[in-house]
Amino acid sequence: MLEFLGYYNYWVFAILLMIGFYAVIARGNLIKKLLGLSIFQSAVFLMYITMDKVEGGTAPIIQPGATDQLYSNPLPQVLILTAIVVGVSTTALGLAIVVRIKDAYGSIEEHEIFEENQPQ
Amino acid sequence: MNLEAHLPALQIVVPLLSVPVVMLLKPRGFAWAATTAASIVALAIAISLTSAVLGGAEIRYLMGSWSAPYGIELSVDHFSAVLLLVISGASTFALLAGRQSIASQIEAERQPMFFAAWLLALAGLAGIAVSGDAFNVFVFMEISSLASYVLIAGGPDRRALPSVFKYLIMGTIGATFYLIGVGLIYMMTGTLNLADMEMRIHEVSDQAPILVAAGFITVGLALKAALFPLHAWLPNAYTYAPHAVTVFLAACATKVSLYVLLRFDFVVFQPNLAGHDIQFAFFLLPLAVLAIIVASAVAVFEKNLKRLLAYSSVAQIGYIMLGASLVSQAGLTASILHIFNHSLAKGTLFLAVAGLALRSQSLRLDGIAGAAKTMPWTMAAFVIGAFSLIGIPGTAGFISKWYLILAVLDQGLLGVALVFAIVVGSLLAVVYVWRVVEAAWFRAPPAEGAATREAPFELLAVTWVAALANLYFGIFTEVPVSLASMAAEGLRELMP
Numbered sequence: 000m001l002e003f004l005g006y007y008n009y010w011v012f013a014i015l016l017m018i019g020f021y022a023v024i025a026r027g028n029l030i031k032k033l034l035g036l037s038i039f040q041s042a043v044f045l046m047y048i049t050m051d052k053v054e055g056g057t058a059p060i061i062q063p064g065a066t067d068q069l070y071s072n073p074l075p076q077v078l079i080l081t082a083i084v085v086g087v088s089t090t091a092l093g094l095a096i097v098v099r100i101k102d103a104y105g106s107i108e109e110h111e112i113f114e115e116n117q118p119q
Numbered sequence: 000m001n002l003e004a005h006l007p008a009l010q011i012v013v014p015l016l017s018v019p020v021v022m023l024l025k026p027r028g029f030a031w032a033a034t035t036a037a038s039i040v041a042l043a044i045a046i047s048l049t050s051a052v053l054g055g056a057e058i059r060y061l062m063g064s065w066s067a068p069y070g071i072e073l074s075v076d077h078f079s080a081v082l083l084l085v086i087s088g089a090s091t092f093a094l095l096a097g098r099q100s101i102a103s104q105i106e107a108e109r110q111p112m113f114f115a116a117w118l119l120a121l122a123g124l125a126g127i128a129v130s131g132d133a134f135n136v137f138v139f140m141e142i143s144s145l146a147s148y149v150l151i152a153g154g155p156d157r158r159a160l161p162s163v164f165k166y167l168i169m170g171t172i173g174a175t176f177y178l179i180g181v182g183l184i185y186m187m188t189g190t191l192n193l194a195d196m197e198m199r200i201h202e203v204s205d206q207a208p209i210l211v212a213a214g215f216i217t218v219g220l221a222l223k224a225a226l227f228p229l230h231a232w233l234p235n236a237y238t239y240a241p242h243a244v245t246v247f248l249a250a251c252a253t254k255v256s257l258y259v260l261l262r263f264d265f266v267v268f269q270p271n272l273a274g275h276d277i278q279f280a281f282f283l284l285p286l287a288v289l290a291i292i293v294a295s296a297v298a299v300f301e302k303n304l305k306r307l308l309a310y311s312s313v314a315q316i317g318y319i320m321l322g323a324s325l326v327s328q329a330g331l332t333a334s335i336l337h338i339f340n341h342s343l344a345k346g347t348l349f350l351a352v353a354g355l356a357l358r359s360q361s362l363r364l365d366g367i368a369g370a371a372k373t374m375p376w377t378m379a380a381f382v383i384g385a386f387s388l389i390g391i392p393g394t395a396g397f398i399s400k401w402y403l404i405l406a407v408l409d410q411g412l413l414g415v416a417l418v419f420a421i422v423v424g425s426l427l428a429v430v431y432v433w434r435v436v437e438a439a440w441f442r443a444p445p446a447e448g449a450a451t452r453e454a455p456f457e458l459l460a461v462t463w464v465a466a467l468a469n470l471y472f473g474i475f476t477e478v479p480v481s482l483a484s485m486a487a488e489g490l491r492e493l494m495p
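These protein sequence lines are chains V and L, in that order.
Quick note: the first sequence uses numbering that gives the first Met the number 0, first residue 0, plus one each step.
Quick note: the second sequence uses numbering that gives the first Met the number 0, first residue 0, plus one each step.
No wet-lab data here; the hints were simulated from the structure.
This one's a predicted model, so the numbers in the text were calculated from it and none came from an experiment.
The beta-carbon is built from N, C-alpha and C at its ideal position, and this holds for glycine as well.
Any given hint might turn out to be false.
With the C-beta cut set under 7 Å, the calculated list includes, among others, these residues of chain L facing chain V [said to hold, decoys possible]: (1) Arg59; (2) Tyr60; (3) Ser64; (4) Pro161; (5) Phe164; (6) Ile179.
Hey, can you work out the whole structure from these sequences and the hints?
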């Protein structure tokens with residue numbers, strides 16, 4: 000039980016990941032799909048942030064005089080900052096495509112777009 | 000300043016820095032010219048890197064002089080050289096040939112943006128090939144993917160939009176899976192540098208997270224590489240993309256993901272995880288065989304020329320994966336050789352299709368009926384490309400299929416069954432290619448919308464250069480074969 004609680008953050012990561020994944024697969028509305036995709040990506044951000052935390056560690060800033068300061072690993076935070084930017088761009092591009100789909104088809108429901116395409 | 004030492008960085012920097020310039024070039028034609036120039040420079044860099052690698056040089060470049068594994072390291076070996084040639088070659092060919100084709104599909108005022116996205120895709124794909132850092136690869140993968148979504152959605156066909164949305168969703172899931180895998184490995188080893196990772200995984204006591212990471216990375220990259228059954232995004236995306244974009248992306252985009260997959264698996268996982276080579280083979284070999292048979296069979300019944308060729312691409316990914324999943328020197332050589340040769344064949348075919356699309360109203364098989372009567376040169380180049388795709392002796396495609404069959408026959412009884420699959424796949428290729436050839440050469444043209452004259456000269460010339468390259472590399476095989484076998488050796492050197 001304690002071990003389960005100790006991995007609390009990782010359980011949240013896994014559950015969020017699956018919620019996002021489910022929304023991407025199960026929803027027919029393109030905006031909801033994108034929302035799912037964002038949740039899916041955010042879950043991964045959480046995983047990176049969790050693994051860099053050192054218990055009792057402070058921010059990784061050099062302090063004069065202190066040589067054995069315990070600090071959290073800054074690298075995953077930097078990585079995830081990049082990944083957040085990537086995620087934002089992906090969502091932005093996805094939304095832009097949805098706007099154009101709405102213009103071209105008059106709908107953002109997957110099955111309606113599919114039916115529109117059929118006579119071709 | 001020694002320019003030669005900076006070539007690996009310039010391979011990315013030249014297209015990347017051309018992007019803002021191209022975006023500002025409003026007047027007609029300039030954006031195309033600048034993009035083509037940047038692409039030619041990239042090709043020249045790729046060729047010079049390749050010749051340096053063939054000369055035995057070991058190319059490592061430290062970004063900003065931060066020493067590896069702390070800084071980002073770029074490294075070029077034989078395998079990345081093959082990819083660089085394919086990427087910059089495909090981009091250059093597509094641009095040189097595609098000026099009219101792009102002008103007919105993209106409005107003049109949107110062209111600078113379109114070309115900017117093109118250069119971003121080029122920079123991203125080249126970045127994946129030269130980077131030696133796992134996270135850096137992710138960033139470049141997303142740069143190239145986002146740019147290619149823009150490129151694919153750029154055409155006039157509205158059906159491109161739902162296809163590109165699907166591609167965006169599936170591509171992002173694939174990249175995120177890869178990111179999870181990299182995170183898990185970083186958690187266990189504390190490094191992102193591929194070479195360093197390999198050394199440190201030895202010291203990891205609990206291998207379970209590494210195993211999970213291997214699963215995430217393999218599935219994520221297989222999704223991006225359109226490995227059957229994860230190929231659902233590919234056919235429509237390639238079909239409705241602007242024709243020049245299809246030439247560019249069909250020749251290289253999926254192969255770059257395969258490159259990362261093979262590199263990760265052979266360099267990081269296989270030497271360090273017990274029994275991983277067997278798991279790798281058992282997981283991917285059936286998928287590869289299914290890809291060859293199922294995708295070829297679907298292509299046989301396809302009525303749209305571009306989608307037919309797209310399904311054929313899925314089948315060709317199967318051949319590449321089949322060679323790799325044998326986990327042998329000969330298999331990898333065949334696989335890497337096929338990456339090169341298939342790009343030549345598919346590039347030629349899609350170039351011919353781009354020419355056809357300029358003159359014929361429809362790309363359905365009954366729409367291009369009789370096209371060879373008015374466009375004999377285009378269709379002749381198409382036939383050469385098709386021969387190479389099937390693997391007729393004397394073309395490049397034959398060489399890689401030959402190596403693949405030799406590699407497969409090393410496997411004993413299983414090998415005989417696999418040869419059977421390869422032969423069935425090739426026969427199916429004969430059938431679907433014949434349907435196109437029969438329509439174009441022997442049927443009467445449709446009443447309206449038929450092709451009226453030959454494709455524009457520059458497009459035709461580039462198509463023929465590509466077609467002749469298929470013949471050239473079918474006879475003078477030394478350069479690609481030695482590159483591929485050295486690349487395979489490089490991947491295998493860490494194996495126990």
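Cross-check of the supplied hints:
A distance limit of 7 Å between C-beta atoms decides the matter here; for Arg59 (chain L) the minimum to chain V is near 21 Å, and the interface restraint is violated. At its closest, the beta carbon of Tyr60 (chain L) sits 20 Å from a beta carbon of chain V; the interface hint therefore is violated under the 7 Å criterion. Checking Ser64 (chain L) against chain V by beta carbon gives a least distance of about 19 Å; that is not within 7 Å, so the hint is violated. The beta carbon of Pro161 (chain L) is positioned within 7 Å of a beta carbon in chain V (closest approach about 5 Å), and the interface hint is therefore held.
Because the closest C-beta pair between Phe164 (chain L) and chain V is about 5 Å apart, less than 7 Å, the hint holds. Interface restraint check for Ile179 (chain L): the shortest CB-CB distance to chain V comes to about 6 Å, inside 7 Å, so the restraint holds.
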